[in-house]
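Engineer: With chain A held as given, fit chain B onto it using these hints.
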Amino acid sequence: MSTAALSLPDHRSNSFARTLRIFLTEARFEFVRLLRTRAFSLAVIGFPVIFYVFFGLIMNRGEHIGSVSVAKYMLAGYAVFGMVGAALFGIGGGLASELSTGWLELKRASPMPPLAYLIAKCCSAAAFGLVIVSLLTLLGITVAHVSITLSEYTRMMALTLVGTIPFACLGMVVALFVPFNATPGVINMIYLPMSFCGGLWLPIMLLPHMLQKFALLLPTYHLSQLVLDCFGYASAGTALSHWLGLLGFTVVMLGLAGVAYRRLQQNS
Amino acid sequence: MRAVLDPIQATPSTASSAAVASLSHITKRYGNGVLALDDLSLNLRRGEIVALLGPNGAGKSTAVKLLMGLSAPTSGAVRIFDADPRNAATRLRTGVMLQVGKAPEMLRVREHINIFRGYYPDPMPYQDLVRAAGLEGIESRMFGQLSGGQKQRALFAIALAGDPDLIFLDEPTVGLDIEARRGMWAEIRALAARGKTVLLTTHYLEEADALAHRIVVINKGRVICEGTPAEVKSLGAASTGANTSRTLKIIRCVTDLPATTLLALPGVTNAELAMGLTIISSTQPERTLRELLTLDQKLHSLEVTSPALEDAFLALINN
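Protein chains in written order, with our numbering: chain A, 1 to 268; chain B, 1 to 319.
One or more hints might be untrue.
To be verified - Listed below are the simulated DSS-like cross-link pairs for lysine-lysine, each with C-alpha atoms no more than 30 Å apart in a straight line:
(1) B/LYS298 <-> B/LYS249
(2) B/LYS220 <-> A/LYS107
(3) A/LYS107 <-> B/LYS102
Just so you know, the hints here were simulated from the structure itself, not pulled from any lab data.
Here chain A stands alone, though its shape is the one from the complex:
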């Protein structure tokens, strides 16, 4: 008894180290898996880059409206477009497939902490977000001579990490509600309109008044305003209101995911 009691702290720290290692391994291989899945990595990195090259760089290179550099303004929109795509397809697509094949069940039956699975997916999507945003920034700086300070870049990176969460939750909800073979379609049906209406492709003030009102409900709008705010380009609302918008959306998504998960459990 006494030896067991004595060895407990050591055992605890061992199991903590092991748990940490499980989280890291899970995240590392989820990232590797996504990277090797060309259908995912090429599309998710390629689309925002191509869009930004066309609409931000070729069409609006060096243009200024007042003191606003158009290429820099567009950078915020396409950066958000990129991170949202990585989060929706990374989590939604992966989870839907692993749910339908029974792989998730095998993982759940193993001693893997369930949180390790979700966090690995979230972190991998965020890592893709960081890559995409960095690529776009690099293009902006080299091709369109956009000037970005280190602090602006750092704030964008931080927003990418945090901004992945609400969209990861949305991806999870889609995966839990929609049958696997319909997932990519449904994600696109949400992703593309949400990007347009949130002002990621065209500045929000160019959209019809009614759409501008509707945008208040969209997490893409709030996240893009926060990124624009890094550059001093935010058009409406306070930073706090945008944070609350993202938080509210996340809470609703988590609630829906909870309902969907319980429904799945009852039928399994």
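Structural biologist: Structure of chain B alone, referenced to chain A:
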């Protein structure tokens, strides 16, 4: 095909018969009202291989899911190593092979195995796993590039990754060729010999016959019979009407004798004609044969076999 391999003779010692896992009086009703298990009880003891047999929808997978702590019973108790199967500590001692449509395809076999090894404090050495599952030479392949049989073997390695004391195998040899199947059987026997407990669900009755110490036949969520393969066969025979079932033999031959004559022979319990072949069940095969051969001098293509598990199984399910 059948009865090529000697069934395991040694049954696990009764001294260590404390239940490793148990389902007691389990009822499981799904959200949609389907009653999957109906007062089912099942005990697994240390070092034994138990085969869970039953037609589709009998409740096999539900029973396995409950034992793995993937779902909760409507009523009744599930215990694994005297603990709740949903405890993380319990999961460290169990390994599972499920029928998985596909594992993440863009990870290598080696990576999959090592990810799972990482979940356990004391995993099985990597090389041992590769050897046990016969994965030499394909360790660097992406899971998506594997053939059906190779996938099954990789999943088998994943199930054994933590060197677990209790192993659930759901249709483990689906898609394996004969050689690979024999190889996996040998590994499963070796596990039991090391004191591991194996619960196997299978459609291959031959597999249950060759591998299991004990067979549990379930249908419509209830245990309909339980025993060694020999006992289950004889129970199946009993339910076809033969009472001195241990001596029941199946006699196949080509004969012109009508069924009425055959049924009048001593020991005959059943006689039927299928594709020119007469199939006779007899509880006194020697006496039946002696008379049969005297009555029909032109009888040919004679074959005498013990009833297969398949026959017993079908008889049990149909009753």
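Engineer: Against each hint, give a clear statement of whether it holds in the structure.
Structural biologist: Now the hints, each set against the structure:
At most 30 Å may separate the alpha-carbon atoms for a hinted pair to count; B/LYS298 and B/LYS249 meet this at roughly 22 Å. A hinted pair counts as satisfied when its Cα atoms are at most 30 Å apart, and B/LYS220 with A/LYS107 qualifies at roughly 28 Å. Of the pairs offered as hints, the one joining A/LYS107 and B/LYS102 holds, with about 13 Å between alpha carbons and a cut-off of 30 Å not exceeded.
In terms of the numbered hints stated before, the structure departs from none.
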